[in-house]
Every structure is written in structure tokens, then in C-alpha cells.
Amino acid sequence: MLCFKLAWRFVIARKRPMFLSLAGIVFGVSFFVVTQAQTSGFEKFFIQTILGTNGALRISDRFQDTYGTVEQVDDDGDTRFLFHSREGSLYHEGVDQPSLIRDALDDYPELLGVSEIIEGSAVLDTGFRRKSIVLNGIRWEDHLQSSDLNNQIIQGTMNNFSSDQMGVILGSRISQRLGLKIGDRVSLVGGTGNLHLRVSAIFESGVSQIDKNRIYIHLITARSFLGSSSGGSVFQIAINEPEHAPGLAVQLQSSLNHRVVSWQERERVWLDVFKALRFSSAITVSCILLLSGLGMFNVFAILVIEKTRDIAILRSMGFSRMDISAIFLWQGTIVLVAGITIGSLFAASGTYLISMIPLRIRGIFSTDSFVVNWDLNHYLWASCIAFVFVAVATWIPARRAARIEPAKIIRETL
Amino acid sequence: MDCSQKNKMMPNGSMRVENLFHSFSEANGTVKVLNGVSLEAKPGEITSIAGPSGCGKSTLLYLMGLLDRPDSGKVFMGDLEVQNLEDDERTKARNHFIGFVFQFHFLIKELTAIENIRLPLLKQGKDEYSANQKANELLSELGLESKAQRPAYKLSGGEQQRVAIARALANSPKYLLADEPTGNLDSSNSEGVFELLDRMAKQTGLSVILVTHNEKLADLSHRKYWMEDGRIVI
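Residue numbers (this note's numbering), protein chains in the order written: chain A, 1 to 414; chain B, 1001 to 1234.
Calculated directly from the structure, the hints in this document are not laboratory data. All values reported here derive from a predicted model rather than from experimental measurement. Note that CB positions come from ideal geometry on N, CA and C, so glycine has one too. Be careful, since some hints might not be right.
Simulated pairs of lysine-lysine, DSS-like, Cα-Cα distance not exceeding 25 Å [as the list claims (entries may be wrong)]:
{"id": "1", "chain 1": "A", "residue 1": "LYS408", "chain 2": "B", "residue 2": "LYS1109"}
{"id": "2", "chain 1": "B", "residue 1": "LYS1134", "chain 2": "A", "residue 2": "LYS5"}
{"id": "3", "chain 1": "A", "residue 1": "LYS44", "chain 2": "A", "residue 2": "LYS15"}
{"id": "4", "chain 1": "B", "residue 1": "LYS1154", "chain 2": "B", "residue 2": "LYS1134"}
{"id": "5", "chain 1": "B", "residue 1": "LYS1202", "chain 2": "B", "residue 2": "LYS1224"}
{"id": "6", "chain 1": "A", "residue 1": "LYS15", "chain 2": "A", "residue 2": "LYS131"}
{"id": "7", "chain 1": "A", "residue 1": "LYS275", "chain 2": "A", "residue 2": "LYS44"}
{"id": "8", "chain 1": "A", "residue 1": "LYS5", "chain 2": "B", "residue 2": "LYS1202"}
{"id": "9", "chain 1": "B", "residue 1": "LYS1134", "chain 2": "B", "residue 2": "LYS1202"}
{"id": "10", "chain 1": "B", "residue 1": "LYS1224", "chain 2": "B", "residue 2": "LYS1032"}
{"id": "11", "chain 1": "A", "residue 1": "LYS408", "chain 2": "B", "residue 2": "LYS1202"}
{"id": "12", "chain 1": "B", "residue 1": "LYS1109", "chain 2": "A", "residue 2": "LYS15"}
{"id": "13", "chain 1": "B", "residue 1": "LYS1042", "chain 2": "B", "residue 2": "LYS1154"}
{"id": "14", "chain 1": "B", "residue 1": "LYS1154", "chain 2": "A", "residue 2": "LYS15"}
{"id": "15", "chain 1": "B", "residue 1": "LYS1224", "chain 2": "A", "residue 2": "LYS5"}
{"id": "16", "chain 1": "B", "residue 1": "LYS1224", "chain 2": "B", "residue 2": "LYS1074"}
{"id": "17", "chain 1": "A", "residue 1": "LYS408", "chain 2": "B", "residue 2": "LYS1216"}
{"id": "18", "chain 1": "A", "residue 1": "LYS131", "chain 2": "A", "residue 2": "LYS181"}
{"id": "19", "chain 1": "B", "residue 1": "LYS1109", "chain 2": "B", "residue 2": "LYS1074"}
{"id": "20", "chain 1": "B", "residue 1": "LYS1202", "chain 2": "B", "residue 2": "LYS1216"}
{"id": "21", "chain 1": "B", "residue 1": "LYS1074", "chain 2": "B", "residue 2": "LYS1042"}
{"id": "22", "chain 1": "B", "residue 1": "LYS1074", "chain 2": "A", "residue 2": "LYS5"}
Now the stretches of chain B that chain A is said to cover, found in silico as 3 or more residues with beta-carbon under 8 Å [what the hints assert, rightly or not]:
{"id": "23", "stretch": "1050-1064"}
{"id": "24", "stretch": "1122-1129"}
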């Protein structure tokens, strides 16, 4: 406690250099948190959007039977086969027997919802305008379990759709392009012929590619339109821990003999972009913290030189080498704790202010303001990085201070 | 240092050095500073060590005060031979049995007068209250009670040196090692400091070892050594 009190007095007696050290840490910590809150905010929002739109897992094409060769025939007639990897193997398009797949999926408690979807291409025709679209035939009650479609509806209601077998839910950009509103009639051209649909709702996922191409109709209507009684489907699956999707995909793929793609694999390009941005900003801000650390090292190195005589006196009074180290380490700790505390307050205020900045984004997701992620881990990471830099910045001078030989210093001072 | 250790190490009696040798390594080679110095400083007395600059007086004092290690020879505190103690033990011995006063007072400028005096007591593990009480006693003994809360750097030279003496006496040492304590003071302040040390020695049985250039002060000491070229000559 005595060492802490001395450290405190030394810190408050050197206001300017300590303030500069403190400012470096405050700036570094707050900047780190704010940049991470932004980049991870956009990333998290993007993930929520794509999970809500396309689910965590998609089961699609069936593998061709795995190619196997006879590896060995024993004397007793037992045969061993070598089965080749599915890497590069061929697929049969679509899910072969959806009902069997669905039954098999019931054995997986980690699945939150399973939606069978039949996909196909068609043209929407209003009589005045036509547009190519991707139709998704869904069982609405299943699809709501595996998607965020209900919350994506911006006009009309899900009830309109569920009560109308010929209802259609349009992507927002399609409705704009074709000038359609709730209750309007529209023709679906292609497949087995024409189908007359009524606009039940309009959704906006925020993903422009989906909003301008996708429509939802009832599964049974889609089957009839596309002329397939079964097959050609995909399954969209929501799971309770989306970050475990890749492992589950491998497991499902091997047991169902169908291609299963996790959201991480499906959105790898964008996720890599976000990852690169996050790392880039983390490296940039860590450099700021490193510079703060170097500044602090400088301050403490000078402090040790300035305090050499006092160190010698303290040693002559009975302070041990460890006590001397402790005095300097406490000074670093005081500046570090104050820096992290003030930096975190600035970071929280800055993050809040940034979240208020208007910013219209349509493309990979839809937002009208900066998206930020309030994550305690950002504060912990910033604190850890600051701790490492400050620890090094103070430990080296503290060690040097502890090694000072009092007799030599006193002799040289006289 | 707990009580049992302290009692075990409690030195009683004179401080003695026997046949001390010490040298420094420098760029040009080794410089011999002490060449077989022996002396004794008795309790309740002021022992002065005088001599020209560079004769090894201060080095001898630092060896006696366990701030440095001799090349050879022995240092005794009472019956205890202390020159080979481990670093930790030397640190504890300085805290419990030795007080230092230097020419340039060496107060910690960030602290007030009373805080400087309390330092060795708090380091010994005394609580704030008893440390304050002892520090106040010393301040009033030295006529500085009104300066207790004044920052060290705002005191005059004489006042600073008296605070430094109070700090050296705070832990009730057995030995007070003073390196030119009056070297930076005018004659009246110098005499005042000497009288103070003499009084403390008589009152408490303290053994004062005084390194000085001031022959007048050296003459006033109970025991006087004269050094030249690293040797005691008188």
C-alpha cells in the first residue's frame, strides 16, 4: 500500500507527461472499441439478415452414389471396399425424397425450423410490364420457423398470404419495378402455363439481389405450376447456434447423402470482407495503442532517470528492489486503469453517437443509420491490448529502476 | 522482518570495520579506494571521519551502511558480522538499524516534510497514526512543527537538512551515518545540526558516524579519524 501511495504521489506530481500517457491510452482504447463496434456491427447485421432470409443451413442436391472400388478380398470371402471422397463428386439436382429427409431431420434437436422450398424461374406479368423472377414455393408455417420473413414484411400481412392459396409475397424491388400493391393481380408465366396470383404482402430483406428477384408462393401452388409432384426442392434450416453450422453441415451431409451448405460457406466472400475490415481496423488501432505504449515507455524511462536519486534514497531507507519496481508498476497501473475507464466511457459515448448518424445502405443489407455492435468483448480486447503495451512500457523501466545501486548514485550525485 | 528475526539480528554496541578494502572498476582500470581501513564507532558518541576529497570517506560510510559491499574486510554491528548479508537482509537492516543523512538532504520533493519523515516508519509496517505521532515528535524536537505539511521543496536549506535528520532518526536507528550533513549549510546552521546530532547521540545511545570536511566539527566529536589515500592515518 505504501508503494501504491508513493506511486500515486509521483503520478499526480507529473501532470503533463502522465496526462499525455493517459490521453494515448484513452484515445487508443476508445478508438479500438468504436471501430470494432462499427465493423462488427455491420457484420453482425449482415449475418442476421442472411440468416433471417436464407437460413443457417440449406440442403440441396443429392450426391450421385459414391464411387467405390474393391480394395481387398480376404481368404474367407470378406470384401473390403474403398470409397472415394465426395470432393468433386456429381449431384442430382434438388432433394430427391423430401419427406424422408424431413423425417431424418427430426432426429436433430439443434434444428429450430425446417422449411421445404421448391425453387424455380418464371416471369411475372402485370399486363404492362414483365419481370423475370425466382419463385420460392413454401409452406408458410414452416418457413416462418426457419426465416425472419414475418418481420421482413413491409406491406400487407402474413395472414393475407396464409388465407389465400393463390397469394404471392413479392420482393420490395419487384413491387416497385412492376408498380404492384397489395391486392393487385399478377400473372406468373412459365412452367406448365400461366398462374393468376394476388399480391398478399411485400417483403424487404435488405439484400437487393433477393428483393428484386424473389417471390414467395404456396408450396402446393408452386409444385403444380412447376409440374413436379415432389423433388427439386431445397430445405432451409434454422438452428439454435448458427456458429456451429459448418460442423452440423458436415454431419448432415454424410448422413443424408445430400449436399448441405452452411451460411458461413455460402456467404464466405462477404464474411471474408468483413473479417479483413475488422482485422485491418484492429491492426490500425493496435498501432495507435502501440504508439501510446511507446510514448508511455518514454515517459517512464525519463521518470526513472529523474527519480534515480530518490530511488537511491528509498533504498537507503530500507525499500527493497521489489518495492522500487512496485512503485513504477503501480504508476503504470494507475495510468492504465484510468485510461481504460475513461477510454471505455468515451468509447460507449462515441459508439452511441455514431449509431445516430444517418446512413442509407441498400445492397447486402438494409439500414438507414450506422449499425453498431454493443459487445463487451471489444472493451475486454481493448483493455487487454492496452494492458500488454503498458505492462511492457512500465516493466522495463521498473526493472531498470530496481537495479539501481544506491551507493553509486549517491556518490555520483555528490 | 518479524520480531523474532529482528531480535535475532538486533545489533548491540559499536559499529566496527576491520581491514576494509574496496576498489572501483573504471575505464582506465581498477581504482583502489580503501586500503585496509579499521575503525570503531561507539554508542552515544559522535565519531567523525575527516580527510581530503577523494580519500574514501564516503565510500567507507556506504560500506558501513550496507549500501555497498567491500572487496574484503569485515563490518560489524555489535557482534554481528554484516558485510556478507543477502540483499534482502541488508535492506531490512538499513530499515531497522541505520539512518542516513546526506549532504544534499535528498528529500522526496513530491512529499511534505512529515510525509518524508514517516516513510521509513511506514516501511517498517507502522500504522499511519503511530507514524504520524513519531514524525510530529521529531518535527517538534527539531523546531519544525509549523512546517509539517509544507512540501519538501518549499523548505529552506537548513530546514530541509533538519527534516532529513528527522527522517534518518524516525526508525530509531542504532547507527546514524551522516555524509557531510553540514556541507551545504552556513556555519550557524552547521553548528545547530552538530548540536542536534550530539544531543540525539547522548539521549538515545545512538552511534553517529559523521563524515566531514569541517575540521572544527571533527574536533568537537568524541572520536576522530583522519583519512588519506584510503587509509586511516590518525
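Okay, which hints does this one fail, numbers in order?
3, 6, 8, 11, 13, 15, 17, 19, 22
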